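Protein chains: 2
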Amino acid sequence: MTQTKSTNITWHSGKISKEDRKAKMEQRGVTIWLTGLSGSGKSTIAVELEHALIENNHHAYILDGDNVRHGLNKNLGFSPEDRTENIRRIGEVAKLFTDANLITVTAFISPYRADRDEARALLGDGEFVEVYIKCPVEVCEQRDVKGLYKKARAGEIKEFTGISAPYEEPENAELVVDTSELSVEDATRKIIAYLEQEGYVEL
Amino acid sequence: MTQTKSTNITWHSGKISKEDRKAKMEQRGVTIWLTGLSGSGKSTIAVELEHALIENNHHAYILDGDNVRHGLNKNLGFSPEDRTENIRRIGEVAKLFTDANLITVTAFISPYRADRDEARALLGDGEFVEVYIKCPVEVCEQRDVKGLYKKARAGEIKEFTGISAPYEEPENAELVVDTSELSVEDATRKIIAYLEQEGYVEL
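Residue numbers (the numbering used here), protein chains in the order written: chain A, 1 to 203; chain B, 204 to 406.
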């Protein structure tokens with residue numbers, strides 16, 4: 001017979017509270033909402049940020065196009081309504097991850113101020129940190145890592161943010177990180193410094 | 204000037220892998236998919252399971268009606284199409300949490316076998332543990348914790364699972380937990396014993 005080892009476990013009943021999670025995990029759940037043009041460096045910074053946090057014994061997770069657009073939001077297109085629903089769902093998922101007390105890093109262009117504000121409104125006080133990954137469109141276009149600007153200029157991609165669709169710059173972002181001036185590492189360190197300063201993590 | 208303490212942090216570049224997460228968190232991400240009738244005990248068991256895991260230094264999170272139906276899925280009703288989309292989204296979110304290496308406990312009736320199998324197909328090998336929270340409908344109706352069976356009998360709720368809508372029992376669930384025979388604590392211990400036996404956690 002299989003021995004039931006779980007008779008050794010500590011047993012308390014009842015719901016786990018946010019405070020319980022904070023104490024156990026030694027961090028505060030938060031959504032770090034990276035917004036900016038295609039090619040501004042959002043995903044690269046998200047990867048570095050997650051790596052640095054996890055290496056230093058924190059718990060973090062990235063929501064980005066790779067794991068959301070092809071999964072949860074695969075039934076959405078790029079019409080204005082679908083873009084809004086896309087960001088709404090991401091906000092709701094970020095809220096769940098933040099409730100689980102993770103440092104949740106979202107990396108989406110999220111061009112509309114109203115959509116970002118909706119996401120902010122879903123989260124609690126101090127649970128939403130908007131980080132504007134700022135970079136002139138000319139620099140993003142010159143980088144053109146994915147070749148998307150070229151396609152947009154050729155008209156192969158319609159409604160491309162920064163070229164043929166608007167990007168509404170954040171007016172009250174908690175942080176602005178200019179990637180035409182800062183290296184990826186310095187940009188990431190700037191975000192981590194903010195998280196330390198505000199008491200989300202201790203590194 | 205604010206001192207940038209983050210100059211002390213360990214710095215490595217690149218994506219965090221599943222293996223990195225497993226090593227750091229000393230557990231394997233998995234979705235524990237609880238399915239069963241209303242009143243069978245899914246939510247109660249989910250709460251106990253999450254509590255026991257977190258008290259014992261594991262990382263777990265519950266997805267249930269409370270945090271999903273009023274948030275991510277608030278734009279869905281109870282038509283067959285909406286029920287399917289409801290479970291699809293829950294499966295996708297469970298996949299994200301499992302990818303984040305959490306022990307993810309879902310507590311939804313999820314009456315259709317095909318919908319549960321879709322969720323299973325989203326997750327990788329060994330990442331989906333279907334647990335049938337079994338309880339005769341007569342017993343669930345007698346408990347009627349939320350008064351829903353009474354409303355269903357009175358015709359105030361249409362298409363109520365077990366009364367006026369079908370529940371398709373799992374045929375190949377990893378575990379069957381009969382709550383007409385086991386206490387909540389014993390039911391929960393049975394699930395934890397399975398998680399230990401299969402190497403998801405060490406308690």
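Calculated from the structure, these hints are not laboratory results. Check before you lean on any hint, since a few could be wrong.
Said to hold, decoys possible - Here are the simulated distance ranges between beta carbons:
{"#": "1", "chain 1": "B", "residue 1": "Glu388", "chain 2": "A", "residue 2": "Lys24", "range": "56 to 62 Å"}
{"#": "2", "chain 1": "B", "residue 1": "Ser367", "chain 2": "A", "residue 2": "Lys74", "range": "29 to 35 Å"}
{"#": "3", "chain 1": "A", "residue 1": "Gln197", "chain 2": "B", "residue 2": "Glu388", "range": "39 to 45 Å"}
{"#": "4", "chain 1": "B", "residue 1": "Ser386", "chain 2": "A", "residue 2": "Glu81", "range": "45 to 51 Å"}
As the structure is a computational prediction, the values presented were derived from the model and not from experiment. Beta carbons: idealized from backbone N, C-alpha and C, even for Gly.
To see whether the hints hold, each was checked on the structure:
Between glutamate 388/B and lysine 24/A the beta carbons are some 21 Å apart, a value that contradicts the proposed interval 56 to 62 Å. For serine 367/B paired with lysine 74/A, a C-beta distance near 32 Å keeps the hint of 29 to 35 Å intact. Between glutamine 197/A and glutamate 388/B the Cβ separation comes to about 44 Å, which falls inside the hinted range of 39 to 45 Å. For serine 386/B paired with glutamate 81/A, a C-beta distance near 49 Å keeps the hint of 45 to 51 Å intact.
Taken one by one, the earlier hints fail for this structure only at number 1.
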